[in-house]
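Trainee: Here are the chains, one letter per residue:
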Amino acid sequence: MFPIPPAFMPGAVQAESEGGFEAPSLADFFPPPFAFEGSNFFELNRLSLVRIIATVALVVVLWMGTKALRVVPGRGGNLFEMAVGFVHNSIAADVLGPQAARRYLPLLATIFFTVLGMNITGIVPLLNVASTSLVAMPALLAIVSFIAFVWAGIQTHGAKGYFSSALFPKGPPTFIYVILTPIEFLSTFILRPVTLTIRLMANMISGHFLLVAFFSMTNYLLIEATGVMKGVSVLSFGAALAFTAFEIFIAALQAYIFTLLTTVYISLARESH
Amino acid sequence: MITASGTPEGIGLFIPPLYEVILSLLCLAVIAFVVVTKVVPTYLKVLDERTEKIEGGLRRAAEAESQIAAERARAAAQIADATARAARARDEAREDAAAIVAEARRTASVEAERILGAAQAQIAADTKAAELALRADVGALATQLAERIVGETLKDSAVASRVVDRFLDELAAAEVPTGGGKV
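Protein sequences appear in the order of chains H and V. Numbering-wise (this note's numbering), the first sequence opens with residue -14 and increments by one. Numbering-wise (this note's numbering), the second sequence opens with residue 25 and increments by one.
In case anyone wonders, no lab produced these hints; they're calculated from the structure. Do not take every clue at face value.
[Stated by the list, open to error] With a straight-line Cα cutoff of 27 Å, these simulated DSS-like cross-link-like pairs (lysine-lysine) come out:
(1) Lys62(V) / Lys77(V)
(2) Lys52(H) / Lys77(V)
(3) Lys52(H) / Lys62(V)
(4) Lys52(H) / Lys69(V)
(5) Lys155(H) / Lys145(H)
[What the hints assert, rightly or not] Reference listing, derived: stretches of chain V covered by chain H, where coverage requires no fewer than 3 residues with Cβ under 8 Å from a Cβ of chain H:
(6) 31 to 44
(7) 51 to 60
(8) 63 to 70
(9) 73 to 82
Virtual Cβ for every residue (Gly too), placed ideally from N, Cα, C.
Bound-form chain V, shown alone (with noise of 0.2 Å):
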């Protein structure tokens, strides 16, 4: 089946001489320890890898989702809580600020009648006393004029017009003071 040359005819392609299996084998037997203990497990692990972290991913976004939402719900909730709690505050001043002017109004109505009447008492006090003090000077003035007129005019009439003007020349200088003078 092998032609002088070395070529193998028929069916002798097709048997293999030892040299040639022994080759194949272990070519072969190199490529499968490198494909079965490195590439494969390799490839696999990196798979099983990616498929862990895209999943852990997914799950992590869901629960980051979930908390967001809670989170967003629980903001919501404060943010109302927050504005009725201001609605309320703001009621509460306005009725305060309500009462509080409302009271100050009442008490300083309150304070001027006092002081309005006191004024008007103290007015009516001084009048009076004026009154009285004028009385009192008039009369005394009066009687005095009428003492010196009546006691000179029995000497002199001349003297009498003398006294008239010394009196009303005393009275100008004395510039007698209400309520004061001599009583």
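For reference, chain H alone in the conformation it holds in the complex (with noise of 0.2 Å):
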């Protein structure tokens, strides 16, 4: 075996503290760089390197699903199509209606493409995190949901016609929009690109933790607890398996709901009057 630089291992911090049981930190999602080192603009840690990899495979599974497309799919082409489709039918079809689901799809499949594949590295041998544990990454696809339902509001309405009808909506007596304004504020353009961005983050870092504490648990139950102890390592070990099958669940999952919120955002700013 050749040996792997600490910046590459998972936990590298606690690297260190010699065999033991290593509960999960978030200096997991803090590795030091191995490249770059200092650079404002190109630092790179192995989270980067996570990314990276992540998006190249994103790239030749999205390029090659592509390729099968056809009208007449094979295998390969069916379950691409079905992905695909799960995006067009299930999500913004059936929010958007037929019309804007077609012209919205580049956008939405972007976002769940983007989110799925960044989460599932969580789970993949050897790289074992999820670059949307970091802030930057769900941010960003917030601030593109943002960017989005708002656009579609101007789009559909105008911008005096988008912006009075989301902060003042028709209705209640003059004076409740001294609270009903700012709530809407919040609500509207503040709270939901947040809630966007931590609860991927969230979700991604909890089920790092999760899946740390367990196989860390067998580790070390199996090499340095003694007699029944060392049986439980079996039972640590099977729980580490389900949550790893219940974080492909959950990268899924997220994908799926931030793409879904980003529709339903989308819809309610092109219904809003």
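Using the supplied hints, reconstruct the complex from the two chains, each of which is provided in its own coordinate frame.
Mentor: Rendered as structure tokens:
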């Protein structure tokens, strides 16, 4: 086995603590850089590398999937079409209707596949971390989503029409606006992108913690524990496997939720009057 | 907000370093480029093509069906026409055959009567001729015989009997044909 530089090890910061139970910590997400250290623009650490690998893999999958798309598809084409079709039919068309679904499909498919691709690295062996557990990627996607729904509202109702309908919904007596408008502003223009970001990020962080906790516990129990406790490692390993499967589900679910919420926000912006 | 080990705390968790933002933006741009320029257009194109193919197929099927129906109706009409014509032809042929048979029968009976008449007339004529010839021969013979008898008797009765014998011999030898002989 060739030595792996500590910068590439999961939980590299605790690497010096020589065996024992390694409790997962936030430090897992901030490994030391291994290239361009100190550069504000190009510093690379383990998570950057994971993100790049995820991007390359995703592009390859998308490229090959697109190549396989046929009017009468084969096995691979069918599978890929099901994935894109899921975003198209189950998310976009259901919420926006068939016409707008076609228009917003590029945006929604980009969000869906990006979130899914970045999430899934959390359970890929050797990568073992989702790059969406750092704030940059979820925040960026949330900003894209934010721009998309504001733009959709402006396109449908004009800038004045959209913002007045979003901040001053018709109906209540005038003095209510004193409290209604700040709430509407906060919920629509602040909390939507913030919750999108935190929901995704926190899910990925907690998923990583769960997996690290159970695998680390298995490692500790199997190697350092004695007697019956050694046997418990079987249980913790089983739990680790179960949570790995669960994390696959969560990765897809978060991609679905992120895309669905973006679609709903766009739909609300288009419909608001 | 960033501890000595480089791990941010509190709100620092939510403030990404610039290189993170840049890399994320880069990755998102690459993925977006592929999805927007390649995946979605191809997907929609394939979808539209399939819809077009299915709709075209259904339309063609309907056209073919109506064509088949028309074709079938025409064939049925043709069959009915042919059947009627055949029936008519059969009837005509039957009538013709009956007429021909009747004609042939009439012609045959006329011919038969004619032949019969001709034969009867011939027979009658032959009979008459035979009668006449016979009568003449018998007369001549009788006269001859009488002449001889009368001539010879006068000389000798013995001669007379010889004459008679000779006459009879001659008669036998001559075997006079009907209508023929000396007149």
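Trainee: Would you list, in rising numerical order, the hints stated earlier that this structure does not obey?
Mentor: none
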